[in-house]
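**Q** With the hints as extra help, turn the sequences into a complete structure.
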Amino acid sequence: MNTSTLASRIERIRLTTDWQVVFWRVRRIIAKIIIHLILVAGAIVFAAPFVWMLSTSFKTEATAYKIPVEWIPKPIRWQNYIEAWQMQPFPIFYRNTIFLTVVNIIGIVLSSSLVAFAFARVRFWGRDVLFLILLATMMLPGQVTLIPIYVIWSRLKAVNTFWPLIIPEWLSNAYNVFLLRQYMMTITPEMDDAARIDGASWFRIYSQIIIPMSAPALGVVAIQAFSWNWNSFMGPLIYLNTRNKFTIAIGLRLFQSQMSQYMPYTMAMSVVALIPVLIVFFIAQRYFIQGIVITGVKG
Amino acid sequence: MAQEIAVKGRRLNLRQRESLVGFLFCLPWLIHFTLLIAGAMIFSFVISLSRTDLLTGWKFIGFQNYSNLFKDFLFWKSLRVTAYYTFLVVPLGIILALSIALLLNSKVVAFLGFWRLIYYLPSVVSGVAVAILWMWVLNPRFGLLNATLISLGVKNPPRWLYSEEWAIPGFVLMGLWGAGGAMLLYLAGLQSIPTHLYEAAEIDGAGSWAKFWRITLPMLTPTIFFNLIMSIIGSFQVFTQVYVMTNGGPNNATLTMVFYLYRLAFLEFKFGYASALAWVLFFIILFFTMLVVRSSAAWVYYEGELRK
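Protein chains in written order, with my numbering: chain A, 148 to 446; chain B, 2 to 309.
Honestly, I wouldn't trust all of these hints.
[Said to hold, decoys possible] Here are the simulated SDA-like pairs of lysine to any residue, each with C-alpha atoms no more than 25 Å apart in a straight line:
{"id": "1", "chain 1": "A", "residue 1": "304", "chain 2": "B", "residue 2": "141"}
{"id": "2", "chain 1": "B", "residue 1": "212", "chain 2": "B", "residue 2": "197"}
{"id": "3", "chain 1": "A", "residue 1": "213", "chain 2": "B", "residue 2": "140"}
{"id": "4", "chain 1": "A", "residue 1": "213", "chain 2": "A", "residue 2": "406"}
{"id": "5", "chain 1": "A", "residue 1": "221", "chain 2": "B", "residue 2": "149"}
{"id": "6", "chain 1": "B", "residue 1": "60", "chain 2": "A", "residue 2": "236"}
{"id": "7", "chain 1": "A", "residue 1": "213", "chain 2": "A", "residue 2": "225"}
{"id": "8", "chain 1": "A", "residue 1": "179", "chain 2": "A", "residue 2": "194"}
{"id": "9", "chain 1": "A", "residue 1": "213", "chain 2": "B", "residue 2": "57"}
{"id": "10", "chain 1": "B", "residue 1": "271", "chain 2": "A", "residue 2": "173"}
{"id": "11", "chain 1": "B", "residue 1": "78", "chain 2": "B", "residue 2": "197"}
{"id": "12", "chain 1": "B", "residue 1": "60", "chain 2": "A", "residue 2": "389"}
{"id": "13", "chain 1": "B", "residue 1": "78", "chain 2": "B", "residue 2": "250"}
{"id": "14", "chain 1": "B", "residue 1": "108", "chain 2": "A", "residue 2": "173"}
{"id": "15", "chain 1": "A", "residue 1": "392", "chain 2": "A", "residue 2": "419"}
{"id": "16", "chain 1": "B", "residue 1": "212", "chain 2": "A", "residue 2": "184"}
{"id": "17", "chain 1": "A", "residue 1": "213", "chain 2": "A", "residue 2": "407"}
{"id": "18", "chain 1": "B", "residue 1": "212", "chain 2": "A", "residue 2": "185"}
{"id": "19", "chain 1": "A", "residue 1": "304", "chain 2": "B", "residue 2": "57"}
{"id": "20", "chain 1": "A", "residue 1": "213", "chain 2": "B", "residue 2": "158"}
{"id": "21", "chain 1": "A", "residue 1": "179", "chain 2": "B", "residue 2": "51"}
{"id": "22", "chain 1": "B", "residue 1": "60", "chain 2": "A", "residue 2": "392"}
{"id": "23", "chain 1": "A", "residue 1": "392", "chain 2": "B", "residue 2": "270"}
{"id": "24", "chain 1": "A", "residue 1": "304", "chain 2": "B", "residue 2": "250"}
{"id": "25", "chain 1": "B", "residue 1": "271", "chain 2": "A", "residue 2": "276"}
{"id": "26", "chain 1": "A", "residue 1": "221", "chain 2": "B", "residue 2": "152"}
{"id": "27", "chain 1": "A", "residue 1": "304", "chain 2": "A", "residue 2": "384"}
{"id": "28", "chain 1": "B", "residue 1": "156", "chain 2": "A", "residue 2": "191"}
[Unchecked claim] If you only want the chain A side, here are some residues facing chain B, beta carbon under 8 Å, derived:
{"id": "29", "residue": "216"}
{"id": "30", "residue": "271"}
{"id": "31", "residue": "282"}
{"id": "32", "residue": "286"}
{"id": "33", "residue": "287"}
{"id": "34", "residue": "291"}
{"id": "35", "residue": "322"}
Just so you know, the hints here were simulated from the structure itself, not pulled from any lab data. From the three backbone atoms N, C-alpha and C, an ideal C-beta is built for every residue, glycine too.
**A** In structure tokens, the structure reads:
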């Protein structure tokens, strides 16, 4: 800092008389009001589709299409949910989706944490090259491998089973391995060094030291695996072709194509499809937000 | 004596044993990589050189699929559609996400957690339910958007998904609704900018405009860089919305590359031709990613690096 700026700074402080203090306070309040007005307007725009969806799902056919929009449905027709729910085997779609989601969360967490542990802790031959390859594959668009993998599954007669949607998830994936490895690198190695001197096996170090200490990152992986599997569309679309195998995404799409003229029903079933995601989001908001921050800032 | 040999043997093998353990832990990824990535890529290339519907046989035809592709009107159409969508949604998304993050980062904001939640929530949900919701939002007659536009006094609001010109802008609006994910990323980036930089600038008499251009924006460039690459890759692969909302229409106005690929492979059973398209898509995404990476030296600023 040179003397002239310091002098001007002191000059400015000296000039800060009472009316200037008032001026700055008023300016601050005005800024605060303007910022909040913009935030409220934006929030209304962002929330409106959700509110509209919920409101429409309770409307009758007569009130759903009215313009201007009636935000509070009158009468409230909750039967939409029951009637729509019975038009397609939604309980089966739900059961299939829950099954696939749970199995795949377990598979992803287990396999990715094993691989991440190897990259973070074990010094094995070729590790650094393998890790670079892993990073490179994150850039690969899935479409390139979509068709050959489909060809293989169809040769194995596994189309219209859950296997093509489960097995790949149990073989870890680059993105989650990377995320977990980055997190495990931040855990101090003192504990596992001590354990190794005491003769603990690698698997014990993995399961009793690294896994418990990686809980926050594992939570992030589990949450992302949940929302990815719950919303997954292209995989189930390609591999599942009878209704008793459909997931909620495919079932909902089928329902929408049949009911395309009847907005309240399709809205009601869309709400039903979104509810689990929203519930998990509200319970585990912290993990959603952490996930973005870990992958984005450290990545 | 026997014990000594055993100890010696173990010591000799310690390194190798660790390597073996490493490979065992890595096994899921090694299988994944060999079969589902490397193997599948080679196989994909072989398929792209063939003509096959998987049922009535295979015929090796060399690069004919590729040369046909470049003569295919629909391929060029899908490339234009995808590029149009990407070049609209990516920059607008970054600007929107950054603007919200800047607003939320201002010191006067009350209830930060509440606002963050509202803006972030739409990006959490995705897939078919959201596509159905937006199909109705964009419905020209009963949709929320046009209902709002009409009550604001717009005489002839766009017909969105039913018109060739407005279908992609409709998808862009839907994409912007999910800008909350990137917003969170920028907010985290903004909060990690050390305050001493701003203090130093204030002492030097910098106004808020100068502080934004000289400190905030340069310090955010690594985050923007990451977000830019991810959004480009993501928007080149848009599929679910197209499948659910427009089926590629009207008049192929929303025929994105991945949707065209899906149609070729799983509706027309042209697996060879579709694989060729997949490879072209791969190189297009690679090209744009490389472009961004190459340009990054000029505009991405890493802390600790000296500016010329």
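**Q** What's the verdict on residue 304 of chain A and residue 57 of chain B, does the C-alpha distance respect the 25 Å limit or exceed it?
**A** holds (17 Å)
**Q** Below or equal to 25 Å on CA atoms is what counts here, so check residue 271 of chain B against residue 276 of chain A.
**A** violated (37 Å)
**Q** Would you settle whether the hint for residue 287 of chain A is holds or violated, based on the nearest Cβ-Cβ distance to chain B being less than 8 Å?
**A** Hint on residue 287 of chain A: holds, closest Cβ of chain B at ~7 Å, below 8 Å.
**Q** Is the Cα-Cα distance between residue 213 of chain A and residue 158 of chain B 25 Å or less?
**A** holds (17 Å)
**Q** Taking only the CA atoms, is the gap from residue 156 of chain B to residue 191 of chain A under or equal to 25 Å?
**A** holds (23 Å)
**Q** Taken at face value, is the distance from the CA of residue 57 of chain B to the CA of residue 213 of chain A at most 25 Å?
**A** Roughly 53 Å separates the two Cα atoms, so the pair is violated.
**Q** Take the C-alpha atoms of residue 60 of chain B and residue 236 of chain A, compute the straight-line distance between them, and say whether it is at most 25 Å.
**A** Given pair residue 60 of chain B, residue 236 of chain A is violated - Cα atoms ~42 Å apart, limit 25 Å.
**Q** Check the hint pairing residue 221 of chain A with residue 149 of chain B against an upper bound of 25 Å on the C-alpha distance.
**A** holds (20 Å)
**Q** CA of residue 213 of chain A to CA of residue 407 of chain A, is that 25 Å or under?
**A** The given pair, whose Cα atoms are some 17 Å apart, holds under the 25 Å limit.
**Q** Against chain B, is residue 291 of chain A within 8 Å by beta-carbon distance?
**A** It holds, given that the least Cβ distance between residue 291 of chain A and chain B is near 5 Å, below 8 Å.
**Q** Compare the distance between the alpha carbons of residue 392 of chain A and residue 419 of chain A with 25 Å, and conclude whether the hinted pair is satisfied.
**A** holds (19 Å)
**Q** Sort out whether residue 250 of chain B lies within 25 Å of residue 304 of chain A, counting only the CA atoms.
**A** Given that 25 Å is the threshold and the Cα spacing comes to 34 Å, the pair is violated.
The structure shown violates the earlier hints numbered 1, 6, 9, 10, 11, 12, 21, 22, 24, 25, 31, 35.
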